[in-house]
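Colleague: In case you want the letters, here they are:
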Amino acid sequence: MNPTMKAEISNAKQIRVSKASANYWRVTFDNPPLNLMGPAFLVEFAEIVRAIESDEQLKVVVFDSAVEGFFLNHSDFTVKLEELTSLPQGPTGLEAWPDILVRLTLAPVVTIAKIRGRATGNGSEILLACDMTFASREKALISQWEVGVGMVAGGGPMARLPRQIGRSRALEVLLGSDDIHGDLAEAYGYVNRSLPDADLDVFVDALAIRVGSFDKWAIFNTKRLVNAASLPTDIEMAAGWDVCIASVKRPATQARIKAFMDLGFHKPGDAENHIGKYLERLNR
Amino acid sequence: MNPTMKAEISNAKQIRVSKASANYWRVTFDNPPLNLMGPAFLVEFAEIVRAIESDEQLKVVVFDSAVEGFFLNHSDFTVKLEELTSLPQGPTGLEAWPDILVRLTLAPVVTIAKIRGRATGNGSEILLACDMTFASREKALISQWEVGVGMVAGGGPMARLPRQIGRSRALEVLLGSDDIHGDLAEAYGYVNRSLPDADLDVFVDALAIRVGSFDKWAIFNTKRLVNAASLPTDIEMAAGWDVCIASVKRPATQARIKAFMDLGFHKPGDAENHIGKYLERLNR
Amino acid sequence: MNPTMKAEISNAKQIRVSKASANYWRVTFDNPPLNLMGPAFLVEFAEIVRAIESDEQLKVVVFDSAVEGFFLNHSDFTVKLEELTSLPQGPTGLEAWPDILVRLTLAPVVTIAKIRGRATGNGSEILLACDMTFASREKALISQWEVGVGMVAGGGPMARLPRQIGRSRALEVLLGSDDIHGDLAEAYGYVNRSLPDADLDVFVDALAIRVGSFDKWAIFNTKRLVNAASLPTDIEMAAGWDVCIASVKRPATQARIKAFMDLGFHKPGDAENHIGKYLERLNR
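Residue numbers (this note's numbering), protein chains in the order written: chain S, 1 to 284; chain U, 1 to 284; chain L, 1 to 284.
There may be inaccurate statements among the hints.
[Unchecked claim] Beta-carbon label-pair distances, calculated as ranges:
no.: 1; chain 1: L; residue 1: E83; chain 2: S; residue 2: P91; range: 39 to 49 angstroms
no.: 2; chain 1: U; residue 1: D242; chain 2: S; residue 2: S86; range: 51 to 61 angstroms
no.: 3; chain 1: U; residue 1: T85; chain 2: L; residue 2: R250; range: 56 to 66 angstroms
Think of the hints as simulated: they come from the structure by calculation, not from any bench.
No residue lacks a Cβ here, since even glycine has one placed at the ideal position from N, Cα and C.
Model the full assembly from the supplied sequences, consistent with the hints where possible.
Modeller: This is the structure:
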């Protein structure tokens with residue numbers, strides 16, 4: 001992280017925005033030690049999305065992480081569910097998290113996810129909301145882990161993954177709930193490319209600078225038509241969110257989440273580093 | 001095959017169902033020597049689908065074969081077409097074969113195809129109806145051979161393949177009518193993965209046991225939403241079936257099927273082992 | 001190119017049609033030195049499409065190039081825009097270029113693009129309109145370069161690429177505007193396969209002869225149903241065309257095109273050979 005960068009959004013605590021130039025911003029997830037997502041993260045993120053939508057000079061945004069080992073992780077289950085569900089609906093009419101994801105897909109700029117470390121649950125959903133994703137071959141770990149703990153994912157991967165990688169591989173990712181390394185993610189088309197970790201920053205930076213030099217009108221109008229050919233409807237995204245909330249409320253799921261915490265979930269260490277494997281231990 | 005396994009469906013003759021556990025069944029195609037599909041096979045299969053749909057404990061089904069060299073092969077053309085077309089419509093309103101295929105995609109359990117040997121025509125259509133497919137690198141041979149003999153495929157690959165692997169590769173598979181080995185099938189996304197034959201059983205078994213340990217409600221609701229994003233309508237499946245039946249009735253097609261039989265089709269040996277190549281000889 | 005081949009369409013100047021057999025034609029783009037596409041090219045092409053649609057014996061068409069280094073390139077920007085936009089609408093109601101592309105996807109024969117050299121803009125759009133594409137590993141260069149010069153592509157890649165290769169890679173191709181070699185195009189599913197240049201002709205010829213031996217009714221009816229599952233609507237194609245024309249008229253785009261010409265665009269040499277790289281120099 002460039003030391004000259006600083007938070008541009010007032011009171012930002014878990015997400016940092018820095019401007020590489022007027023047309024190229026970096027949005028850095030920075031909620032150590034595990035980069036979990038709770039309600040405060042969502043409030044900050046919604047503010048950043050508003051800035052991305054309205055800045056006239058902005059053309060490209062790169063999402064990355066300042067937390068070693070975690071791009072962006074699952075939700076914070078130590079927070080009461082009501083704190084999440086009481087957040088106001090966004091302008092799309094969707095609840096806070098799917099609202100952010102849908103607005104990112106529609107934003108008139110190019111969004112790029114740069115994946116190092118775990119992109120699990122919310123991290124994978126951000127990736128799928130971005131226009132492109134490049135992953136570290138050695139350090140990326142992508143997953144939708146929800147079914148393994150009795151949940152349904154809330155940020156729309158049931159709608160987006162089959163359109164991106166086909167039904168069979170989408171079902172493997174979602175129902176298998178396992179950790180996926182960079183090269184398999186590339187082979188499945190889950191990410192654009194998996195690159196050697198040493199090359200990842202240079203590659204993404206060069207692409208961002210390149211696209212940032214192009215015409216914003218052409219970027220937006222091209223993206224708008226790609227969206228028309230590829231995005232699920234908001235109703236489909238809403239259906240996923242509603243089933244997710246219903247799943248969390250089920251006693252069977254609450255029991256599994258509690259048992260997973262007893263195994264080390266939500267604490268730095270083996271369980272968070274190997275969620276895929278630990279789901280087998282949980283369900284043994 | 002585990003020697004303790006036995007048929008669980010009464011009078012089963014061409015398909016065996018065995019229960020690895022209450023939540024994990026194996027459905028094994030066993031119609032030697034060529035694993036052809038005729039009307040009796042369909043009647044048995046429909047009964048098995050009903051059991052899969054209604055069993056409350058079942059969570060994962062693996063489809064495999066007990067016939068060396070053949071996962072599941074084309075239809076039995078020695079049977080009168082009327083024996084097939086006179087089978088009753090299924091509950092979806094579709095004819096017997098597409099009814100089975102559609103209901104498998106909707107079943108509230110995970111279905112996995114494990115491909116060893118030839119999956120041609122019906123075998124490929126079962127694969128495309130399953131949630132995931134894993135293929136033997138050395139022994140899988142997948143194809144939609146129908147156009148090569150003047151037919152149109154009946155189990156919906158025109159609807160399913162383009163959504164799974166894109167229009168260009170779907171057209172290559174369908175119009176080229178050639179045999180496709182495991183690694184090319186993986187590269188095209190026709191199967192989830194191609195694995196060394198020696199690893200295939202262990203991999204699929206471990207995945208089945210893993211998913212079988214997860215929560216059925218979460219599996220079903222996740223699959224339901226993936227289906228909403230990825231399945232063709234039943235009308236599209238019906239259109240494929242109707243054109244297939246029309247194609248079989250054409251004198252030009254009947255002549256080609258007869259000539260193919262004269263080349264060894266329907267008998268164990270070279271023609272059945274190399275259908276792709278023999279289609280060139282047929283049409284020379 | 002077989003020396004016995006000759007133009008079959010009267011007055012053909014930029015596109016040659018030769019008949020390998022009654023059921024197998026080759027359509028060869030031959031507008032040296034850069035294989036640019038201008039209004040005259042479109043008029044010839046429309047005539048050829050009419051012949052492809054109506055010939056009763058024809059079953060397979062291979063598109064290739066007679067110009068070293070260029071399969072089919074971008075439009076000719078030295079021609080007044082009015083000469084293009086004043087061409088009559090085609091039978092689909094679409095303007096001349098999207099009309100040709102849509103009719104190729106619907107033609108009752110198999111169309112195969114054989115890519116050697118640059119397939120940029122129109123060349124990529126033809127590829128996406130064909131049923132299959134095979135690319136030279138060493139010599140294919142595929143791109144949608146339009147955004148790099150402030151344009152939106154006119155032949156529908158915003159509609160077709162996401163359905164073929166997924167949203168993320170489609171956006172990378174379109175917004176990145178960079179040159180893509182054969183192997184990356186294969187990995188992305190942009191082409192069916194990338195083959196060693198020395199094998200490409202034999203492979204495509206064998207496939208064309210194979211499919212040409214099959215039954216035309218079966219080919220057409222299979223393709224028709226794949227189309228139903230995979231093609232965008234004509235309205236979506238029209239939207240892309242309209243935005244393209246609007247983009248060309250923008251002063252910012254005109255200025256970029258002029259500046260690109262000053263860098264060597266439209267002349268044989270480095271700029272045309274490395275459009276992807278030169279777009280960075282243009283936008284510096």
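Colleague: Which hint numbers does the structure go against, in order from smallest to largest?
Modeller: Result: no hint breaks.
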